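K.L.:
So you can see what is in the structure, the chains are spelled out below.
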Amino acid sequence: MISSLLHYQFLQNAFMAALLASIACGILGTIIVEKKLVMMSGGIAHTAFGGIGLGYYLRIEPIYTALAFSLFSALSIARIQRRATVMPDVLIGMFWPLGMALGILFISMTPGYPPSMSSYLFGDILTVSRVDLLVMAVLDLLLLLTVVSFYHLLQAYWFDEEFSMALGLPVVLAESLTYAMIAITVVVLIRVVGIILILALLCVPPALAGLFRNDLPGIMGLAVLIGAVFCLSGLGISYCYNIPSGAAIVILSVLVYTGTQLLLRCSSSYFTTKR
Amino acid sequence: MTVVVEHSFNYFEKQGEPLTREMDKIVELRNVSAGYGTIPAVQDINLSIEKGSFTGIIGPNGGGKSTLLKIILGLVEPWTGQVRILGQRPERNRHLVGYVPQAATTNRRFPISVRQVVLLGRLAGRAPAFHRYQSLDHDIVDQCLARLEIMDLAERQIGQLSGGQWQRVLIARALAVKPVLLLLDEATSGLDAGVSTQVYELLRELNQEMTIIMVTHDTMALSSYVNNIACINHILHYHGESALSPELIMQVYGCPVELIAHGVPHRVLEQHGGLS
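So the sequence lines, in the order shown, correspond to chains A and B.
Going letter by letter, the first sequence gives residues 237 to 511 in our numbering.
Going letter by letter, the second sequence gives residues -1 to 274 in our numbering.
Hints are not guaranteed to be accurate.
[To be verified] Simulated pairs of lysine to aspartate or glutamate, DMTMM-like, Cα-Cα distance not exceeding 25 Å:
| no. | chain 1 | residue 1 | chain 2 | residue 2 |
| --- | --- | --- | --- | --- |
| 1 | B | K23 | B | E75 |
| 2 | A | K271 | B | E153 |
| 3 | B | K176 | B | E48 |
| 4 | B | K176 | A | E398 |
| 5 | B | K176 | A | E397 |
| 6 | B | K176 | B | E153 |
| 7 | A | K272 | A | D451 |
| 8 | B | K176 | B | E207 |
| 9 | B | K23 | B | E89 |
Simulated from the structure, these hints should not be mistaken for lab results.
All figures in this text were calculated on a predicted structure; none of them were measured in a lab.
Could you put the whole structure together from the sequences, leaning on the hints where they help?
P.N.:
Pasting the structure below:
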């Protein structure tokens, strides 16, 4: 595996993709979990499928149209949610399948044989291209810059939206930034875990990190590390056993989370009974 | 010299009289109606709050108490009518208002330390990008923490605090704004009598420096700490200083509510007896 890593370009790409994905999933995953936007993110992820369909239809690299599509839908959803009286759950229940439906529509309209969508739906880290890597790196950089430069505003918005409004902080800006970052994260993660499996990679690393750290930057940092371990292990399993990377990463991460919880519970009950 | 000073003083007294009188009204609501969607929450409210007063807003659940606070905060835009905070629209005077939300509505599981929560109060009116807290901000936060006697909790995560400690943190955050008007939404719900008393004593002390408006269900507060009462059930039933009558309570709540003071400075209700 290590020697192949040195020899094969596709493995080097996959390795880099795993690292870049972990940065996005660790940082944004933490925000999504703490701000309780997990289902919202699942919905935004699925609208990206519409963008991928559009890319095939227009013969553009699908990752670009996916980015445009999910950014547009994330910002529109934020706006609709703020203005309208529709329940967030119901809103998610509508735009989630709408994105998928649009994707299917565009693909059916594309002339010729329908392309295989499984690498976008379930992720295929072994087929990550140079273009994908470049896009992922730029988007990661954008995420880091946004979080660092707007940290206090974002922290105030994530923690207490109402108080931030009472202070007169630009809450709409903070909200738009947060939703845009979710859309960007989705695009970074698509090639690694795929649209359908993204939620696990967004939830599990921050949830695990939250068991050991209780400050926001600490959870983010640890979640990035845990995400990197998951993505790299997923890559290894995918390469050695020829399993799609997304499936490998999701099964591994949920197993590790369950195992850790059980271990913690056992050890705590062991210590309490000893005392 | 003294003559000049005296003269100018007198001059201000006479010439500035209408102005100062306007300024004495820290909050002024004129014919304000507001609600959510198409459902009205408060209707045709006229209310003016004097500078330096300590007002308790009471009324049944869903009667529009919190909505009234949010109108004053500029969080709820009224359908009709005018809202003025120190003569300005609420949005323009946000830096003068400290807000203590209901503790139950806050996210206690968020990974943030007490100091960081209180520092949020210093964010008002700052540029959103590349913001860093100054040493002045940290000094003010230290003062607020010391005042609320929670200095030792500064680096604690908020999830580890008791209900009373968390309430103090929320008050400290509102004080960090350096407000002239403090708004509290049920500051003592869920706290035991001892802790509630501590909170009220603190508010009484703070009332020396700032105007306070507090939504409350707590009769103890009404009887001994508050010097003005506003009763709200969609409309403003009563606003003033004197004791509440059982008839009024009947009108506001729709049923007799026990509002009997327990041997404290001034009674909210007239004594029972005539009713039974």
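K.L.:
Now look at each hint and say whether the structure bears it out.
P.N.:
Hints, one by one, checked against the model:
1. B:K23 / B:E75: holds, 21 Å
2. A:K271 / B:E153: holds, 22 Å
3. B:K176 / B:E48: At roughly 19 Å apart (the allowed maximum being 25 Å), B:E48 and B:K176 satisfy the hint.
4. B:K176 / A:E398: Within the cut-off at roughly 18 Å; holds.
5. B:K176 / A:E397: holds, 20 Å
6. B:K176 / B:E153: Holds, at about 22 Å.
7. A:K272 / A:D451: Holds. A:K272 to A:D451 sits at ~17 Å (cutoff 25 Å).
8. B:K176 / B:E207: holds, 10 Å
9. B:K23 / B:E89: holds, 17 Å
The structure fails none of the hints (numbered hints given earlier).
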